[in-house]
Each structure stands twice: as structure tokens, then as C-alpha cells.
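Participant: What follows is the residue order along each chain.
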Amino acid sequence: MEERKPAHMLRNFKYVAFMNEELRNLSLSGHVGFDSLPDQLVNKSTSQGFCFNILCVGETGIGKSTLMDTLFNTKFESDPATHNEPGVRLKARSYELQESNVRLKLTIVDTVGFGDQINKDDSYKPIVEYIDAQFEAYLQEELKIKRSLFNYHDTRIHACLYFIAPTGHSLKSLDLVTMKKLDSKVNIIPIIAKADTIAKNELHKFKSKIMSELVSNGVQIYQFPTDEETVAEINATMSVHLPFAVVGSTEEVKIGNKMAKARQYPWGVVQVENENHCDFVKLREMLIRVNMEDLREQTHTRHYELYRRCKLEEMGFKDTDPDSKPFSLQETYEAKRNEFLGELQKKEEEMRQMFVMRVKEKEAELKEAEKELHEKFDLLKRTHQEEKKKVEDKKKELEEEVNNFQKKKAAAQLLQSQAQQSGAQQTKKDKDKKNASFT
Amino acid sequence: SAGLPETRTDAAMSELVPEPRPKPAVPMKPVSINSNLLGYIGIDTIIEQMRKKTMKTGFDFNIMVVGQSGLGKSTLVNTLFKSQVSRKASSWNREEKIPKTVEIKAIGHVIEEGGVKMKLTVIDTPGFGDQINNENCWEPIEKYINEQYEKFLKEEVNIARKKRIPDTRVHCCLYFISPTGHSLRPLDLEFMKHLSKVVNIIPVIAKADTMTLEEKSEFKQRVRKELEVNGIEFYPQKEFDEDLEDKTENDKIRVGAWGSLLKNGKCVLGLVENLNHCEFALLRDFVIRTHLQDLKEVTHNIHYETYRAKRLNDNGGLPPGEGLLGNVLPPVPATPCPTAE
Numbered sequence: 001m002e003e004r005k006p007a008h009m010l011r012n013f014k015y016v017a018f019m020n021e022e023l024r025n026l027s028l029s030g031h032v033g034f035d036s037l038p039d040q041l042v043n044k045s046t047s048q049g050f051c052f053n054i055l056c057v058g059e060t061g062i063g064k065s066t067l068m069d070t071l072f073n074t075k076f077e078s079d080p081a082t083h084n085e086p087g088v089r090l091k092a093r094s095y096e097l098q099e100s101n102v103r104l105k106l107t108i109v110d111t112v113g114f115g116d117q118i119n120k121d122d123s124y125k126p127i128v129e130y131i132d133a134q135f136e137a138y139l140q141e142e143l144k145i146k147r148s149l150f151n152y153h154d155t156r157i158h159a160c161l162y163f164i165a166p167t168g169h170s171l172k173s174l175d176l177v178t179m180k181k182l183d184s185k186v187n188i189i190p191i192i193a194k195a196d197t198i199a200k201n202e203l204h205k206f207k208s209k210i211m212s213e214l215v216s217n218g219v220q221i222y223q224f225p226t227d228e229e230t231v232a233e234i235n236a237t238m239s240v241h242l243p244f245a246v247v248g249s250t251e252e253v254k255i256g257n258k259m260a261k262a263r264q265y266p267w268g269v270v271q272v273e274n275e276n277h278c279d280f281v282k283l284r285e286m287l288i289r290v291n292m293e294d295l296r297e298q299t300h301t302r303h304y305e306l307y308r309r310c311k312l313e314e315m316g317f318k319d320t321d322p323d324s325k326p327f328s329l330q331e332t333y334e335a336k337r338n339e340f341l342g343e344l345q346k347k348e349e350e351m352r353q354m355f356v357m358r359v360k361e362k363e364a365e366l367k368e369a370e371k372e373l374h375e376k377f378d379l380l381k382r383t384h385q386e387e388k389k390k391v392e393d394k395k396k397e398l399e400e401e402v403n404n405f406q407k408k409k410a411a412a413q414l415l416q417s418q419a420q421q422s423g424a425q426q427t428k429k430d431k432d433k434k435n436a437s438f439t
Numbered sequence: 001s002a003g004l005p006e007t008r009t010d011a012a013m014s015e016l017v018p019e020p021r022p023k024p025a026v027p028m029k030p031v032s033i034n035s036n037l038l039g040y041i042g043i044d045t046i047i048e049q050m051r052k053k054t055m056k057t058g059f060d061f062n063i064m065v066v067g068q069s070g071l072g073k074s075t076l077v078n079t080l081f082k083s084q085v086s087r088k089a090s091s092w093n094r095e096e097k098i099p100k101t102v103e104i105k106a107i108g109h110v111i112e113e114g115g116v117k118m119k120l121t122v123i124d125t126p127g128f129g130d131q132i133n134n135e136n137c138w139e140p141i142e143k144y145i146n147e148q149y150e151k152f153l154k155e156e157v158n159i160a161r162k163k164r165i166p167d168t169r170v171h172c173c174l175y176f177i178s179p180t181g182h183s184l185r186p187l188d189l190e191f192m193k194h195l196s197k198v199v200n201i202i203p204v205i206a207k208a209d210t211m212t213l214e215e216k217s218e219f220k221q222r223v224r225k226e227l228e229v230n231g232i233e234f235y236p237q238k239e240f241d242e243d244l245e246d247k248t249e250n251d252k253i254r255v256g257a258w259g260s261l262l263k264n265g266k267c268v269l270g271l272v273e274n275l276n277h278c279e280f281a282l283l284r285d286f287v288i289r290t291h292l293q294d295l296k297e298v299t300h301n302i303h304y305e306t307y308r309a310k311r312l313n314d315n316g317g318l319p320p321g322e323g324l325l326g327n328v329l330p331p332v333p334a335t336p337c338p339t340a341e
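Residue numbers (full-length UniProt numbering), protein chains in the order written: chain A, 1 to 439; chain B, 1 to 341.
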């Protein structure tokens, strides 16, 4: 029970009495030490490890797997796909890479069967669905009441490498349609695959054509960030070469006195890491060494937020006035909670009913068994009684016989005794006669 | 969707029913490859990339000081951040009267060091423990802390969210214990009991220069014991030790780094940093140089999450129909909701 509070303590506390509007700039008179903050932050992340997820979209045989192998200096095991896939499906594989003290959980998602079908109308759909599914999973986690976001294994796609076939002319309509569907969901980095099949002058024209087609069709590709001074310059320089024309190879060829990744043709060698031969180095630089973190950030703060917003609006929110914003989601939570409770109750009911049913069944079974037992018992009893009767009958018979026998015996004895008596009398008579004759 | 054997595409919004989330077609155990052997890829550059980004966005840090007036709170904060964060302590003639109720004053500052920009907010609580009747004087403080969580939650729950939600949550609460030399006072225990559940509390023995070394260590032992007996978990909380390494490190801190401070911050600054005189340096290193980020993370991942879960579950213990900041919430249903595990 709460005691009455003194008057001045009741709900009129002045607080947040003061929060200054304009922040004061302070000068430090010595080394405080919070410049270690970025290190503190980075150390935390390092110990947890990082996630990076790449989606490769391109036709079968265009070199997606080879490029991944080349980028990450490994032979990721995979069997080349056939051209007979009935539809597009996405295959994801995860790898843990380590470099110095950095652990990276790399997931490579492949579009198997892309571009192989006769009717490619729906080719983009599985890709969009996959990307959305990863956003959905994250959103689910975020909306949970008891959640653990800080050790969530992030599967959202951070970069989408779109492989353009080196026709030398222009983009295919499939490319345009697909990229248009993906550009608001993922960071698209278009690349020209198997670039060693295009001549230098053709390549330049091809690149321009592609970029202008993208612009005229309103496709938003990933922009390398230029807002931060240290990376602005390199990003700006690289952007000029988009889309990167790449060559992939894990085979090594002896160039001069070194071994280098290259493709050996009858007429010559194409070196992967030679910037005069192809843009592989630029791609690696941009994708991994300069903008990996930005790609992750854009995925989270732009693409995911957009997905979340659309999804929540779909669920029935109207952000009409600022007042309704703070608790409209609350209402959904309430609604969801009620729904959840309702479902819980339903499940409980179901379980209870099932339990009752089972109990009934068991009861019926038991009754059956009981009945059987009773019947058996009755049968036994009857049999027993019959037996008993038989025995009694026999007993009676026996008694009768015994009686008869006794009677006969008695009769016989009587006869015998009568006979004896008469005999004795006769003997006495005889004796008397004898005696009489003597006198 | 036509037979997709390896992808789960059914992303129907499953409600708060705790069902495993639709997983992408990822094998359970990722293949581990040590790329050190295979030629440089450049993955380790992500550290630099991350560092650059965080330097650009800057950091927020909110520290609250609680304790009776005269214990040297302002001096400590000024010394910690080597600047006139709090203007109060500069003069001994304090024109401000002790307030009649507990006030909460938050002052924001921008400080920069080594290219790192920090928005530091010091939250002072004048009037705490200064009344004749101090019953429930922690309530305004608890309310303030929860209000910051509420603010953050409201932003987080918006449909169109800000790119960076302003963080006003209290990351660290320095609680000043009066150096009586005996034990904790009931007010101290009550405060810490209530607040250790919602915020990181670092208990600090004030004006330790009024005790001898033996008195100090005895007092410390007694205080620590009392806290333990009362089940008060102060920062760093044992239950959050992630691994053995953390635990041994944190144990050292729990045992040793109780800050204490001196009266005249300025002219004896040199002595303050002398470990033999007081453990100020330990406190400073602990709060700023090594555990600042951790303080923020524990606040975000644990205290805030607890608040959020409670809030979404049962109106946060507030009477139904009433919300913080004057919002009206829908009524709470009669049956309590089980937490979705």
C-alpha cells in the first residue's frame, strides 16, 4: 500500500526542465581519450564478424561463378548449370573468409537458369521474391517483441552484379526489364561479362550505349558515394568507366617472371589484373576495397527502409497526420497481439478438444475391454456352475447308491441276524430236546 | 511460384507467432576458407571503411550524474572531459538555491578530438537527496530515463523513419556515494535498486580524499558486499559478460576502478591523475577510453530492448489509457500476453 506522498513531490516535478537548444562548443584542455571511439566500435564489429551478400544475375554460362572465384581468390565449389532449367531459381551458398583479423561471412546468390527459357516474362520474379524474402526476414525480426538484432545473421543482398552479355550492340530487353524491377530493391552494379571478346573501340561505344539506355529507361544503378573526401576522388574516377568490362579467370599463366591470373588464347594472353586489358581491378576496388561498407549501409538505410515502409503501408497504415504516426503502429501491435492471443486460444481449444476426444476414445476402449472381461467372467461363472451342478448330480447319485447300498446292507444284516436268531433258537430247541430226552 | 526447390519464397507476414523465419537457401554450416593463403582480396579494408563512416557521422554520448549536492558531481564531469562542461563548479558562491524538487537538466555539448566529433550531453539532477523527505526522489529520474527510451521507440516505430534516430537515452549514470566510511545509506540502496534495472549505473565514491587508504578499501568492500546482498547489478553487469576474456577484464574493473575525486579540479589536476591519490584515471579510462561504446551498446541492446519488450507487451506498467508525453493508448486487454520467444 502506498503512503501518501508529500504535496511537493506529487506529479509536478519540473523535469527536462532544461535542454539547451543550441549545443555548446567546448574546447578541451587536454587529451580526454574519446578519439578511441571509432576503434572501440570497430573492435566490436570485428569480433562479431561481417556479413556481405552478393547476388549475381546473368545468363547461364556468362561467367558468374568464374568471376566470383576470381574476385575472392578461391574455387567456390559448384557444378556448371545446364541450359535445361524450367525456370529461374536462386541458389545461395555461404562462405567464411578470413583476412588478418577480419572474418567475413560471404553469401553468393546465383540465378540459375536465367535467360534460358523460351518465355522469359517471369524470369525476374524469383529474383525479386528472393530479395524481398530477405527483407521480410529482417523485418520480422525487427518487429518481434523479444528480438536480438545485434547478432542477427543478415542475409539481405548488399550488391547485385548484373552480367551483361558482350554482344557489342546494346542491352537486351530482358536486361532492361529485370534491372528496372530490381533497382529500387538492391544496389545494382552492371558489368560487361567476357569483355575479352570485344574490341577496344567497340567496347567504348558499347559502354556509352548501355549507360544511355539505362538513363533513358530510368534504371537507377548504384552510385559510388562522393560525399566523403577520402573516397570521393577515387569513386568519381571509377564511375566514368561504368559499366566495368571484366574478365574472370582462376587459371594462372606465366607473364614475364611471375604467375598471373589470365586467359591463354592461341593468339595471346588476356591478363585479368592488367587494367589495360579489362576493368577487373576497378571492379574489385569499388566492390570490395572502397565501398563494401557503403553498399551495406545503403542496403539497410535505403532499400530496406523502402521495403519496410511499403510493407507497413500495405498492412494498413495511413500516415495522414503526424499525430497518428506515433501510435498507429501501436494499434497494429495491439491488433496483432489480440490476433496472437486469439490464435493461442484457438490452439488451446483445439488441443483441449483433441485431448477430450482422446480421453473419450480411451474410455470407450476401456469399456469394451471391461465388457469383454465381464463376458468372460460370466462365461466362466456359468461354466463353473454347470460343472458344479454336474458334480452335485454325481454326488447325489453317489449318495443314492450309498444309501441303496446301506439299505441293502441293512437288509442283509437283518436277514443274517434273523437267520442267526432262528438258528440259535433252533439250537436251543434242539438242546432242550436233547436234554429232555435224557431224563 | 513454379517449383523452386531451394528458395523459400513464401514471405507471408507471420504474426507474433514465434515461427522460424523463412531462411534463404543457405547451408547450415558455411564453408570456411582462410584466404590468407590465397592472395590478397582486400576484405580487411572494411575496417577502415567503417571507421571513416563512423568518424563522419560522429557519436552521441549521454551521461547522467546523480548524488546529493556538494559531492562534487560537476567537478568530476569537468575533469573527465577536461573542459567546463558544467559551469556550476567554477564558483564557490552558488547563487542557485537547492531546488524544492528533483530537477533534471540536460546540457548538450559538441566536442572534438582527433577528428572524432562527439555530442556529449550531461544530465544533472539537482535536488536529488537534498530534501528532508526524500521518498521516491528517484522517480523523476526513472521517468526521465524511460521517457528517452519512449522517444527512441516512437521514432523507431514510425513508418517513414529518420536515417539516424537522435539518441537521447542515458548511456551511463554515475551515482555518487557519500564517503561516510560506514556503509550505503538507504537512499543509495533504493535508488540503485530501482535504477540498475533500467540504466547502466556506475557507483562512484565521492571525495575519497577524505578517507585513508585503509578506510577506502574497507568501505569499498563493504559497499560492494551490500550491493551484492541486495541484488543490485551495476555496470559492467556480470550477466552480460560475453566470454571469459570479457569476464576477467570486467572483474578487474569491478574490483578496482571506483573513481573518486578531489575538490579543486583545476589546480590539482596533476594529482587527480595520480593513481595513488585517487582512482580518477581508472574511471576516466574505463568510461571513455575503453568502455564508452560498450556502455552505449548495453543501453541499446539490453536496457532499451527490455523497455521496448515491456512496452509492446503490456503498456509498460503504466495505467491503461495513459501514455508518456500525453498520448492516449488503446486499452490494455485483460489477459497478459506471453512473451514471444
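No wet-lab data here; the hints were simulated from the structure.
From the three backbone atoms N, C-alpha and C, an ideal C-beta is built for every residue, glycine too.
Check each hint, because a few of them may be wrong.
The calculated PhoX-like cross-link candidates involving lysine-lysine, where the alpha carbons are at most 20 angstroms apart (straight line), are [unchecked claim]: (1) A:Lys-311 x B:Lys-52; (2) B:Lys-52 x A:Lys-146; (3) A:Lys-44 x B:Lys-52; (4) B:Lys-154 x A:Lys-144; (5) A:Lys-91 x A:Lys-44.
Some chain A residues close to chain B (C-beta under 7 angstroms, calculated; not the full set) [unchecked claim]: (6) Gly-30; (7) Asp-35; (8) Asp-69; (9) Phe-72; (10) Asn-73; (11) Val-102; (12) Met-292; (13) His-300; (14) His-303; (15) Leu-306; (16) Tyr-307; (17) Leu-312; (18) Lys-367.
Participant: Each hint should be assessed against the structure and marked as holding or not.
Facilitator: We went through each hint and held it up to the structure:
1. Distance hint between Lys-311 of chain A and Lys-52 of chain B is unfulfilled; the C-alpha atoms sit about 32 angstroms from each other, more than 20 angstroms.
2. Between Lys-52 of chain B and Lys-146 of chain A the CA atoms are separated by roughly 32 angstroms; this puts the pair beyond 20 angstroms, and the hint is violated.
3. The straight-line distance between the Cα atoms of Lys-44 of chain A and Lys-52 of chain B is roughly 16 angstroms, inside the 20 angstroms bound, and the hint therefore holds.
4. Proposed proximity of Lys-154 of chain B and Lys-144 of chain A is supported: the alpha carbons are some 15 angstroms apart, at most 20 angstroms.
5. The hinted pair formed by Lys-91 of chain A and Lys-44 of chain A fails the criterion: a straight-line CA distance of about 31 angstroms is larger than 20 angstroms.
6. With a least beta-carbon distance of about 4 angstroms to chain B, the hint placing Gly-30 of chain A at the interface is held under the 7 angstroms criterion.
7. A hinted interface residue such as Asp-35 of chain A counts as satisfied when its beta carbon comes closer than 7 angstroms to some beta carbon of chain B; here the least separation is about 3 angstroms, so the hint holds.
8. Among the interface hints, the one on Asp-69 of chain A is violated; its C-beta lies about 10 angstroms from the nearest C-beta in chain B, farther than the 7 angstroms criterion.
9. Here the hint on Phe-72 of chain A is kept, as its CB sits about 6 angstroms from the closest CB of chain B, short of 7 angstroms.
10. Against a cut-off of 7 angstroms between C-beta atoms, the interface hint on Asn-73 of chain A holds, since the closest Cβ of chain B lies about 4 angstroms away.
11. At its closest, the beta carbon of Val-102 of chain A sits 4 angstroms from a beta carbon of chain B; the interface hint therefore holds under the 7 angstroms criterion.
12. Look at Met-292 of chain A: its Cβ gets to within about 5 angstroms of chain B, closer than 7 angstroms, so that hint holds up.
13. Violation of the interface hint for His-300 of chain A is found here, the shortest Cβ-Cβ separation to chain B being roughly 10 angstroms, above the 7 angstroms cut-off.
14. This hint is violated: His-303 of chain A has a C-beta 13 angstroms from the nearest C-beta of chain B, more than the 7 angstroms allowed.
15. About 10 angstroms separates the beta-carbon of Leu-306 of chain A from the nearest beta-carbon of chain B, more than 7 angstroms, and the hint is not met.
16. Violation of the interface hint for Tyr-307 of chain A is found here, the shortest Cβ-Cβ separation to chain B being roughly 11 angstroms, above the 7 angstroms cut-off.
17. For Leu-312 of chain A, the shortest C-beta to C-beta distance to chain B is roughly 5 angstroms, which falls under 7 angstroms, so the interface hint holds.
18. Given the 7 angstroms rule on beta carbons, the hint for Lys-367 of chain A is violated: about 38 angstroms separates it from the nearest Cβ of chain B.
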